[in-house]
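Trainee: Residue numbers (this note's numbering), protein chains in the order written: chain A, 1 to 358; chain B, 1 to 358.
What the hints contain is simulated information worked out from the structure, not anything from laboratory work.
It cannot be assumed that every hint is accurate.
Since the list can't tell identical chains apart, any single copy or any two copies may satisfy a pair.
Here are the simulated lysine-lysine pairs, DSS-like style, with alpha carbons at most 27 Å apart [unchecked claim]: (1) K205 <-> K315; (2) K205 <-> K310; (3) K317 <-> K217; (4) K132 <-> K105; (5) K132 <-> K352; (6) K205 <-> K217; (7) K310 <-> K217; (8) K296 <-> K352; (9) K132 <-> K193; (10) K317 <-> K205; (11) K217 <-> K315; (12) K296 <-> K132; (13) K353 <-> K315; (14) K193 <-> K315; (15) K317 <-> K296; (16) K105 <-> K205.
2 protein chains.
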Amino acid sequence: MGSAYQYDRLFAFVKHIFSGIGCSEADSSTAAVSLLSADLRGVDSHGIARLSGYVRLWEAGRVHVTPDIRIVHETPSTAVVNGDAGLGLVVAPFAMKIAISKAEKVGTGWVSVSNSNHFGIAGHHAMMALQKDMIGIAMTNASALVAPTFSIERLLGTNPIAVSIPAGEEPPFVADFATTTAANGKLELLQHKKGNTPLGWVQTKEGQSSVNADEIKNGGSLLPLGGDREHGSHKGYGLGAIVDIFSGVLSGANYGPWVPPFPIYIPMPESMPGEGIGHFFGAMRIDAFRPAEAFKSNMDNWIRRFRSAKTIPGKEKVLIHGDPEREMENERKRSGIPVADTVLADLQTLGKKFGITL
Amino acid sequence: MGSAYQYDRLFAFVKHIFSGIGCSEADSSTAAVSLLSADLRGVDSHGIARLSGYVRLWEAGRVHVTPDIRIVHETPSTAVVNGDAGLGLVVAPFAMKIAISKAEKVGTGWVSVSNSNHFGIAGHHAMMALQKDMIGIAMTNASALVAPTFSIERLLGTNPIAVSIPAGEEPPFVADFATTTAANGKLELLQHKKGNTPLGWVQTKEGQSSVNADEIKNGGSLLPLGGDREHGSHKGYGLGAIVDIFSGVLSGANYGPWVPPFPIYIPMPESMPGEGIGHFFGAMRIDAFRPAEAFKSNMDNWIRRFRSAKTIPGKEKVLIHGDPEREMENERKRSGIPVADTVLADLQTLGKKFGITL
Numbered sequence: 001m002g003s004a005y006q007y008d009r010l011f012a013f014v015k016h017i018f019s020g021i022g023c024s025e026a027d028s029s030t031a032a033v034s035l036l037s038a039d040l041r042g043v044d045s046h047g048i049a050r051l052s053g054y055v056r057l058w059e060a061g062r063v064h065v066t067p068d069i070r071i072v073h074e075t076p077s078t079a080v081v082n083g084d085a086g087l088g089l090v091v092a093p094f095a096m097k098i099a100i101s102k103a104e105k106v107g108t109g110w111v112s113v114s115n116s117n118h119f120g121i122a123g124h125h126a127m128m129a130l131q132k133d134m135i136g137i138a139m140t141n142a143s144a145l146v147a148p149t150f151s152i153e154r155l156l157g158t159n160p161i162a163v164s165i166p167a168g169e170e171p172p173f174v175a176d177f178a179t180t181t182a183a184n185g186k187l188e189l190l191q192h193k194k195g196n197t198p199l200g201w202v203q204t205k206e207g208q209s210s211v212n213a214d215e216i217k218n219g220g221s222l223l224p225l226g227g228d229r230e231h232g233s234h235k236g237y238g239l240g241a242i243v244d245i246f247s248g249v250l251s252g253a254n255y256g257p258w259v260p261p262f263p264i265y266i267p268m269p270e271s272m273p274g275e276g277i278g279h280f281f282g283a284m285r286i287d288a289f290r291p292a293e294a295f296k297s298n299m300d301n302w303i304r305r306f307r308s309a310k311t312i313p314g315k316e317k318v319l320i321h322g323d324p325e326r327e328m329e330n331e332r333k334r335s336g337i338p339v340a341d342t343v344l345a346d347l348q349t350l351g352k353k354f355g356i357t358l
Numbered sequence: 001m002g003s004a005y006q007y008d009r010l011f012a013f014v015k016h017i018f019s020g021i022g023c024s025e026a027d028s029s030t031a032a033v034s035l036l037s038a039d040l041r042g043v044d045s046h047g048i049a050r051l052s053g054y055v056r057l058w059e060a061g062r063v064h065v066t067p068d069i070r071i072v073h074e075t076p077s078t079a080v081v082n083g084d085a086g087l088g089l090v091v092a093p094f095a096m097k098i099a100i101s102k103a104e105k106v107g108t109g110w111v112s113v114s115n116s117n118h119f120g121i122a123g124h125h126a127m128m129a130l131q132k133d134m135i136g137i138a139m140t141n142a143s144a145l146v147a148p149t150f151s152i153e154r155l156l157g158t159n160p161i162a163v164s165i166p167a168g169e170e171p172p173f174v175a176d177f178a179t180t181t182a183a184n185g186k187l188e189l190l191q192h193k194k195g196n197t198p199l200g201w202v203q204t205k206e207g208q209s210s211v212n213a214d215e216i217k218n219g220g221s222l223l224p225l226g227g228d229r230e231h232g233s234h235k236g237y238g239l240g241a242i243v244d245i246f247s248g249v250l251s252g253a254n255y256g257p258w259v260p261p262f263p264i265y266i267p268m269p270e271s272m273p274g275e276g277i278g279h280f281f282g283a284m285r286i287d288a289f290r291p292a293e294a295f296k297s298n299m300d301n302w303i304r305r306f307r308s309a310k311t312i313p314g315k316e317k318v319l320i321h322g323d324p325e326r327e328m329e330n331e332r333k334r335s336g337i338p339v340a341d342t343v344l345a346d347l348q349t350l351g352k353k354f355g356i357t358l
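Just chain A, same shape as in the assembly (with noise of 0.2 Å):
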């Protein structure tokens, strides 16, 4: 249950919250539109629902409003960008944005993020390359909840993977991925509806395949994606550990289990051996491999291919990445944007601390 807000009367509660802690109106509106981003395209878990989770950082003195975000190192592909703890949904844009200008002037740009914290959907700052005709590329480690293969510990968070590919006629491409089987925000879903979880989803504490979607609360684990060996898990731990690497090692962020979680009511990590947590981003150039009109048009072709595959009987059609997402901005920036009841309470609580109502 919940009732839909209008984008705009949503934008300008989490502008109002974020300049109330203190942001710049620059980065009050940067933060806002990344994390609506998740709101709109119906990523609920990562959206409004975490405001005050952001807010509470923030009290908790893990959060600096104004932050001297800067590059510590770089060469003419490659940039290390400290947050200086800064909110990740105003850090990310900024480190995506070096990738796209390292992009411009020698083909590609990469960069790897350190002292940074939660930065809202991958996907969105992926999306910034599209409008230069570039593929975009963000990543981020998180908080340990998966257990690799073999393993009963929780090494690895659930380390998305986004890709935005830009094509002709057709829409963009645009993958955005838990390396777990589920993601965590699907667990949460099954937890309010006290519904079961398929198996592969989660293990016991004691490594013991579970459909109990609590079993995270009890010292269990998400799985990577393939759930068991026998269906490829160590492929979904690669993936995972690769994106730990590329965002944690890379930048001097933490990682593996020492990447800081973002409820405060969860206590630090010991022996800490980076920085906040790490992203990695990525810009290539289309026409710095072949001439952008070509391969747009290879990609109209693609997709209209995949599209019109034939399918199991009682599916529609083959999705493309990217697809129900952009149905789903488009029919709530159209009707609104649901906010569950729970949500609405603890954001009704929140302006108030801040001299706002929703």
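Using the hints provided, position chain B relative to the given structure of chain A.
Mentor: Just chain B now, kept in the frame of chain A:
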């Protein structure tokens, strides 16, 4: 069943065959090293077992043995290479060297390749970057055996991704995996044993789940990593699509269902939109991000933490990507490379044609 052969003996044999079809001395060596890296690392499906297949491609006029492999477009950090229908085993190292050389100059190098064919194992090419203290990336598209989520048509190859990452005292992290639940080689192994597959590896030509290892021969398909929608197959499909687009669409090679098959008895696709098959390579200099020694020290910490994680009862340890293959390589360099009887018979026939015995 089979016999074990020392690496040097197999190398001399393979090199002789490639010379026999007209490759230069240097190309024959390069191709033999690429091919046999699969046997050394335990990926028997991609090594010497395929030698006669490469020769058949040459006999069918689909491989040029004196190709004009060339850069057709470049920027400081990118290039597109046209392989001129050369052996993928030779084209891939050529392209990876360009990626490495660009990384030396501007921090990273990215090379998309058209007009190539089967390049052996991706990991071998990615690992070329290690000796330069670089992260190496290699991927390739392949002829369509995989049905995207909800499709009954085969539209993607097993499209592997390899990423190699240097460490300090620890050996490097080397992930190399097909973006399907199970690689085709594992399926072939079960076919020989007349065994069943686990659920989630293959589907029938009508799109029903199946455990029949011969399902591909019946018109069925391999499944993307994840297996089905509920277990995240859209993520495996997305990964396979990204590999296909980076390798095929970005270079002007074929893509999707139009990628030419390796076995010459399978008819070529109609209305092919590009040239040959496509690869994609990347090299990122570690010190384009941070001092290599600091990175490597963190990588050692990463590897040791994961390797020492508490395990599920009955499992000895959490594996680091690259460990099993490196152990296999050490063992096979010592004790020889096993060659199955059927492969041996095939090689003896081939040897007779080219005046060499194994």
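Trainee: If a hint holds in the structure, say so; if it doesn't, say that too.
Mentor: Structure-based check of each hint:
In this homomeric assembly, K205 and K315 come within 27 Å of each other (Cα to Cα) only across copies, at 15 Å, whereas the closest approach inside a single copy is 36 Å. For the identical chains of this complex, K205 and K310 are inter-copy neighbours only, at 11 Å across copies versus 42 Å inside a copy, given an alpha-carbon limit of 27 Å. In this assembly of identical chains, K317 and K217 lie within 27 Å of each other by CA distance solely across copies; the values are 25 Å between and 37 Å within a copy. Both within a single protomer and between protomers do K132 and K105 lie at most 27 Å apart by alpha-carbon distance, with minima of 13 Å and 25 Å respectively.
In the homo-oligomer, the alpha carbons of K132 and K352 never lie at most 27 Å apart, since the shortest distance is 41 Å inside one protomer and 57 Å across protomers. For the homomeric pair K205 and K217, the shortest alpha-carbon distance inside one copy (10 Å) is at most 27 Å, but the shortest distance between copies (41 Å) is not. Taking the shortest Cα distances, K310 and K217 sit within 27 Å of each other only across copies (19 Å), while inside one copy they are farther apart (42 Å). Taking identical chains as interchangeable, the C-alpha atoms of K296 and K352 are never at most 27 Å apart, the minima being 49 Å within one chain and 49 Å between chains.
Taking identical chains as interchangeable, the C-alpha atoms of K132 and K193 are never at most 27 Å apart, the minima being 42 Å within one chain and 52 Å between chains. Proximity of K317 to K205 under the C-alpha cut-off of 27 Å is restricted to the inter-copy arrangement: shortest distance 16 Å between copies versus 39 Å within a copy. In this assembly of identical chains, the alpha carbons of K217 and K315 lie at most 27 Å apart only when taken from different copies (24 Å versus 35 Å within one copy). In this assembly of identical chains, K296 and K132 lie within 27 Å of each other by CA distance solely inside one copy; the values are 13 Å within and 35 Å between copies.
Neither within a single protomer nor between protomers do K353 and K315 lie at most 27 Å apart by alpha-carbon distance, with minima of 48 Å and 52 Å respectively. For the homomeric pair K193 and K315, the shortest alpha-carbon distance inside one copy (25 Å) is at most 27 Å, but the shortest distance between copies (34 Å) is not. Taking the closest pair of Cα atoms, K317 and K296 come within 27 Å of each other only inside a single copy of the chain (22 Å); across copies the shortest separation is 46 Å, beyond that limit. Neither within a single protomer nor between protomers do K105 and K205 lie at most 27 Å apart by alpha-carbon distance, with minima of 50 Å and 48 Å respectively.
The structure fails hints 5, 8, 9, 13 and 16 (numbered hints given earlier, in ascending order).
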